[in-house]
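2 protein chains.
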Amino acid sequence: MARIAPLSGFPEWLPQGRIVEQHVLDVLRHTFELHGFAGIETRAVEPLEQLLRKGETSKEVYVLSRLQELDEPGRPEREDKQLGLHFDLTVPFARYVLENAGKLSFPFKRYQIQKVWRGERPQDGRFREFTQADIDVVGSGDLPYHYEVEIPLVMAEAFGALREIGMPPVRILVNNRKVAEGFYRGIGLEDVEGVLRQIDKLDKIGPEKVGALLVDECGADEEQAKACLALAAISGSDASVITEVRALAESHGAVTELLTAGLAELEALVVAAGERAPGVVVADLKIARGLDYYTGSVYETVLVGHEQLGSVCSGGRYDTLASDGKNTYPGVGLSVGVSRLVSRLLSGGLVTATRAVPTAVLVAVSAEETRRDSDAVAAVLRARGIPCEVAPAAAKFGKQIKYADRRGIPFVWFPGEAGHGADGGAPGAEPAGPAGSVKDIRSGDQVDADPATWEPPAEDLRPRVVPAASPVR
Amino acid sequence: MARIAPLSGFPEWLPQGRIVEQHVLDVLRHTFELHGFAGIETRAVEPLEQLLRKGETSKEVYVLSRLQELDEPGRPEREDKQLGLHFDLTVPFARYVLENAGKLSFPFKRYQIQKVWRGERPQDGRFREFTQADIDVVGSGDLPYHYEVEIPLVMAEAFGALREIGMPPVRILVNNRKVAEGFYRGIGLEDVEGVLRQIDKLDKIGPEKVGALLVDECGADEEQAKACLALAAISGSDASVITEVRALAESHGAVTELLTAGLAELEALVVAAGERAPGVVVADLKIARGLDYYTGSVYETVLVGHEQLGSVCSGGRYDTLASDGKNTYPGVGLSVGVSRLVSRLLSGGLVTATRAVPTAVLVAVSAEETRRDSDAVAAVLRARGIPCEVAPAAAKFGKQIKYADRRGIPFVWFPGEAGHGADGGAPGAEPAGPAGSVKDIRSGDQVDADPATWEPPAEDLRPRVVPAASPVR
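Going down the list, the protein sequences come from chains A and B.
Going by my numbering, the first residue of the first sequence is number 7, and it counts up by one from there.
Going by my numbering, the first residue of the second sequence is number 7, and it counts up by one from there.
Keep in mind the hints are simulated off the structure, nothing from the lab.
Be careful, since some hints might not be right.
Which copy is meant is left open, so a pair is good if it fits within one copy or across any two.
[As the list claims (entries may be wrong)] With a cut-off of at most 25 Å between alpha-carbon atoms, the simulated PhoX-like pairs for lysine-lysine come out as follows:
no., residue 1, residue 2
1, Lys-332, Lys-109
2, Lys-405, Lys-109
3, Lys-402, Lys-215
4, Lys-109, Lys-408
5, Lys-87, Lys-232
6, Lys-121, Lys-87
Predicted model, so just to flag it, every value in this text is computed and none were measured.
Let's have the full structure, built from the sequences with the hints guiding it.
Next up, the structure:
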């Protein structure tokens, strides 16, 4: 085979790295299910016209052609029949809700863990293919505010459960569109979207340049620009942040009904988060989220100490997730960038797996003629939930132990009387009974054992995902 | 949104169906890990040139283009840079092995569960997007025969574990390329691939037409054609099938070294399978597998009673899974067609889930002001691993019970003293203590309970996947 090389932007992990990723996915799924979210998957493709409704990412869509069509001149299928790979899980979920509205119960809580694709040039940690893990709650007609509190708290719980594997803490930054819009309108700025777009650039270009852009692009005067920047500078994790925003708005005579409504929501979120996930959720008034479909809470999440990685979990409230003309479906959701997160955990040397295989026990083979004895031992162990494999060949026991050692398999089982002559066996080991003996190849300890009763220590049963001493990939 | 309609060939399930699919995937993963297979994922795309190496499926490849390229005249990227979606998991696995050979330990046992795509016209149950679950063992340089025995027995175990949810039994049909080739050459036929291709059509067009094709297309005379058909007619699940083949070969003076070697392998498989998975594995000499890269055992799997569905799990031994010029990597593997299987389980009304959500308990809300009390009860239950959600609104209890009922949630929790007035509460229910009371909405039984100690019956903790009374989707 020619030209075997990684494709830039399409990450893949070695088996040990995949164990880390799988653990992250398992923790997310488990947490989502504990909160009553039902799992769904949608097809990987959507009609191009659906994907292009979100203008700003349209250029990143991968379009599919069947190979035989490429041989024909011109584009044989009309654009409305063309299919593209989804670039997020929100567009397909909105379509799924409309398609199945009659068969779903609302409010509908769903999680969805799938790959998405973006055809952008790979750069600074951006992937062309990556896994997202989304939760959303969608209502029919209306959706109570308390779900905007619940969604980030579910994620806080999931991230909390990942702390023990060595993942750094997260900070979930929250804001509310009503606060921003209410404030901007209160000080006399009408181009709310324009202002949000500029405020979104604060981390990249700083307040001075954003201030100039607000004047140049959004029709703000110097004082209005200053007020916007002052609002964006406010952050905090308790109710005092609400007081601060209200004081700022009062000082500009900018207290609108919308602002007041937004502040009440933001306060409810900050207070509930302070009780249920202390220290995780921070109100940060500069969080804008570029996309114009958010209408209430907006969220971004940074890994503490890895802020330059960007947000690892973003989302918000949208009053119109989907609409079929008759019915409107408001939603609120958050999306974890699993690949971005796992990539950092692995390449940053933060997290590793204790071995590269699920196997806890390698059953040795003393001669090919007795392989079925080894198979029988393995079958008994497996029936009791102990992952094991049988040695590939009846090589010298030293070589079989090496096979286990290379993979991090902690135990080698010597069936029947094989234990007697085990190469490298502990000198004081008892002669093995008919059921055989099992050696912990890390300590060298070897004991007689019966596959129907022997158990490995619980921490050795499966590979564990733990803080890493050094980078793995 | 316009034109919301399912795309033919791209299956999606409602949440209840997805629970069935997820269960099937969990059972497969669990079984594979018990046998020491390490999970990997590969990217969804491969360079087109890699995908086109398997000539016969080349026309089914979906080719990707970035949307902005489509606006430019002509095809901007040369073909060797073009990417296509993988149509199976074998091609990407072979590439992964070559790319990472230095970092893997051989023999390398891996499982891989991912979507694949084929751009063919959807018809008779064929999908354009579907999930495969593959296991393969790949060696470096050589790979012992016993893995050809192990692979179908792992699958037999996985399918066996699915019997309890209502999946019909499977029959794994096995053959050996060496037997077929040795026999054909022994009777004087040289076009082995051609003969295999015709034999592969037996189920579709019957022995008469296949016999004619052997004569017309493969240079066989009448007697040779009859001998091929006689071989293909042999099947059985014990060693007598070996005797039968040998007798047929002897009667044609067709006992070659290759045939003898193949029969020894086939016998080892049939005997081991008879011991370890009685009644599941059947030697069937007509199994040909159209693809020319198989070199030893070949496998197909039918659902008993659903044979017309085609094979739900196929594969075999290939002496050259991958090669980089210096090293050759032989492999043996099997691939489960998960979507085909699950589609039949659901649409055939064979299997269902006991509810559509993971939730075991709905915590009621008596007034929005006391929602935090309900949240607190839910948090205590979740900390103990009990999936629960809090009611969407402080509606009348009857309406909250209906919310649970519609989703199949078995229990409703009334926090604090709320239990007193529970609409529809059992007349004899004790007044609730401060911790509240919990109602089994199926029986109407309501008892005082403390979220720190109450447990639902184990069978209600999560949705179970069970034999269905009627079709679900």
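Status of the hints after comparison with the structure:
For the homomeric pair Lys-332 and Lys-109, the shortest alpha-carbon distance inside one copy (17 Å) is at most 25 Å, but the shortest distance between copies (57 Å) is not. In the homo-oligomer, the alpha carbons of Lys-405 and Lys-109 lie at most 25 Å apart only across protomers (19 Å), although the nearest pairing inside one protomer, at 59 Å, exceeds that limit. Taking the shortest Cα distances, Lys-402 and Lys-215 never come within 25 Å of each other, neither inside one copy (71 Å) nor across copies (54 Å). In this assembly of identical chains, Lys-109 and Lys-408 lie within 25 Å of each other by CA distance solely across copies; the values are 16 Å between and 56 Å within a copy.
When the C-alpha separation of Lys-87 and Lys-232 is checked against a cutoff of 25 Å, the pair qualifies neither within a copy, at 49 Å, nor between copies, at 50 Å. Taking the closest pair of Cα atoms, Lys-121 and Lys-87 come within 25 Å of each other both inside a single copy (23 Å) and across two copies (22 Å).
Checked against the numbered hints listed earlier, the structure breaks hints 3, 5; every other hint is satisfied.
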